[in-house]
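**Student:** Each chain is listed here by its residues.
Protein chains: 2
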Amino acid sequence: MLRSEGYTDGPNPDSSMHNPLYLEDLHVGQRFESAPHHIDSEQIVAFAKEFDPQPFHLSEEGARGTLFGSLAASGWHTAALTMRMLVESTPFADGLVGAQLELAWPKPTRPGMTLRVFSEITDIKPSRSKPNMAMVAMRNETRDQEGEAVQVFTVKMPVFKRPQT
Amino acid sequence: MLRSEGYTDGPNPDSSMHNPLYLEDLHVGQRFESAPHHIDSEQIVAFAKEFDPQPFHLSEEGARGTLFGSLAASGWHTAALTMRMLVESTPFADGLVGAQLELAWPKPTRPGMTLRVFSEITDIKPSRSKPNMAMVAMRNETRDQEGEAVQVFTVKMPVFKRPQT
Numbered sequence: 001m002l003r004s005e006g007y008t009d010g011p012n013p014d015s016s017m018h019n020p021l022y023l024e025d026l027h028v029g030q031r032f033e034s035a036p037h038h039i040d041s042e043q044i045v046a047f048a049k050e051f052d053p054q055p056f057h058l059s060e061e062g063a064r065g066t067l068f069g070s071l072a073a074s075g076w077h078t079a080a081l082t083m084r085m086l087v088e089s090t091p092f093a094d095g096l097v098g099a100q101l102e103l104a105w106p107k108p109t110r111p112g113m114t115l116r117v118f119s120e121i122t123d124i125k126p127s128r129s130k131p132n133m134a135m136v137a138m139r140n141e142t143r144d145q146e147g148e149a150v151q152v153f154t155v156k157m158p159v160f161k162r163p164q165t
Numbered sequence: 001m002l003r004s005e006g007y008t009d010g011p012n013p014d015s016s017m018h019n020p021l022y023l024e025d026l027h028v029g030q031r032f033e034s035a036p037h038h039i040d041s042e043q044i045v046a047f048a049k050e051f052d053p054q055p056f057h058l059s060e061e062g063a064r065g066t067l068f069g070s071l072a073a074s075g076w077h078t079a080a081l082t083m084r085m086l087v088e089s090t091p092f093a094d095g096l097v098g099a100q101l102e103l104a105w106p107k108p109t110r111p112g113m114t115l116r117v118f119s120e121i122t123d124i125k126p127s128r129s130k131p132n133m134a135m136v137a138m139r140n141e142t143r144d145q146e147g148e149a150v151q152v153f154t155v156k157m158p159v160f161k162r163p164q165t
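Listed in order, the protein sequences are those of chains A and B. Each residue of the first sequence is one higher than the one before, starting from 1 at the first, in the UniProt record's numbering. Each residue of the second sequence is one higher than the one before, starting from 1 at the first, in the UniProt record's numbering.
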């Protein structure tokens with residue numbers, strides 16, 4: 001089970017929508033695990049038709065003889081699905097707003113995979129000008145059901161303290 | 001006009017689908033300009049509902065009092081639309097397959113903007129192991145109708161020589 005790898009100190013995906021996270025709730029090394037998303041060829045082709053109409057994303061036939069060999073999701077589809085999972089697994093109170101980010105797709109996302117996002121906070125840098133804010137760096141690995149990464153995504157985001165009441 | 005900035009040596013978007021590009025057709029400094037894409041709030045909300053359901057991407061009301069102030073597209077939506085434009089404006093014969101990439105969103109994409117992608121080849125590194133291939137680095141700026149960047153995206157992609165016949 002992937003859950004045995006120690007991704008246990010994030011919020012439970014089922015309850016996370018009710019527990020928005022503020023800066024005080026975060027620490028370096030903190031981990032989050034998302035709920036799963038199952039991807040099929042219908043989703044892959046629908047996304048590709050709208051945003052990335054290249055033969056290897058549109059049909060099995062079109063993928064033959066290409067770098068991919070068989071139908072593969074657009075990397076942007078993997079990225080968008082990852083965002084969808086992150087919105088629930090890392091519910092920062094003021095939202096997830098990426099300022100700067102890096103992406104890699106170590107292997108293709110294929111129909112039939114079950115994806116899940118494993119996130120870890122790698123750095124928290126308090127703002128000099130805004131005492132209620134810090135830049136939080138997070139590394140997000142989107143893994144298939146075998147635990148292999150299809151996407152590695154690092155991002156820096158502004159996160160705010162709980163408002164004084 | 002944005003076209004006066006010198007983005008003239010890429011293929012004409014209208015004819016590009018018929019002129020796939022091979023490694024021999026590319027050089028450092030080569031530029032490409034995409035056809036325009038007009039984005040409206042309907043597109044923004046539809047994408048957000050599926051992939052990035054955060055209040056500032058879902059409605060004007062939800063965006064009030066947030067970092068964005070008014071409705072803004074998900075950065076992943078800007079990225080996906082950029083890909084859609086690139087597929088036509090930089091028609092590499094064996095496809096656009098990103099190995100490694102960096103993204104930044106200098107300002108939000110808003111309803112009513114007309115986007116266009118301006119691309120430039122910044123490096124071509126021949127492969128040592130595969131004589132018919134090189135890694136091509138490309139910088140892609142997605143700009144609004146005022147010429148201001150909403151996304152800067154740099155990517156390295158494998159590009160192949162024209163097959164011997």
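Treat the hints loosely; a few may be bogus.
Chain copies aren't distinguished; within one or between two, either way the pair holds.
DSBU-like mimics (lysine-lysine), calculated; alpha carbons at most 35 Å apart, straight line [what the hints assert, rightly or not]:
no., residue 1, residue 2
1, Lys161, Lys130
2, Lys107, Lys49
3, Lys125, Lys161
Bear in mind the hints are in silico, worked out from the structure with no lab data behind them.
**Student:** Each hint needs a verdict: does it hold in this structure or not?
**Tutor:** Okay, the hints, checked on the actual structure:
| no. | hint | result |
| --- | --- | --- |
| 1 | Lys161 <-> Lys130 | within (10 Å within a copy, 52 Å between copies) |
| 2 | Lys107 <-> Lys49 | both (21 Å within a copy, 27 Å between copies) |
| 3 | Lys125 <-> Lys161 | within (13 Å within a copy, 46 Å between copies) |
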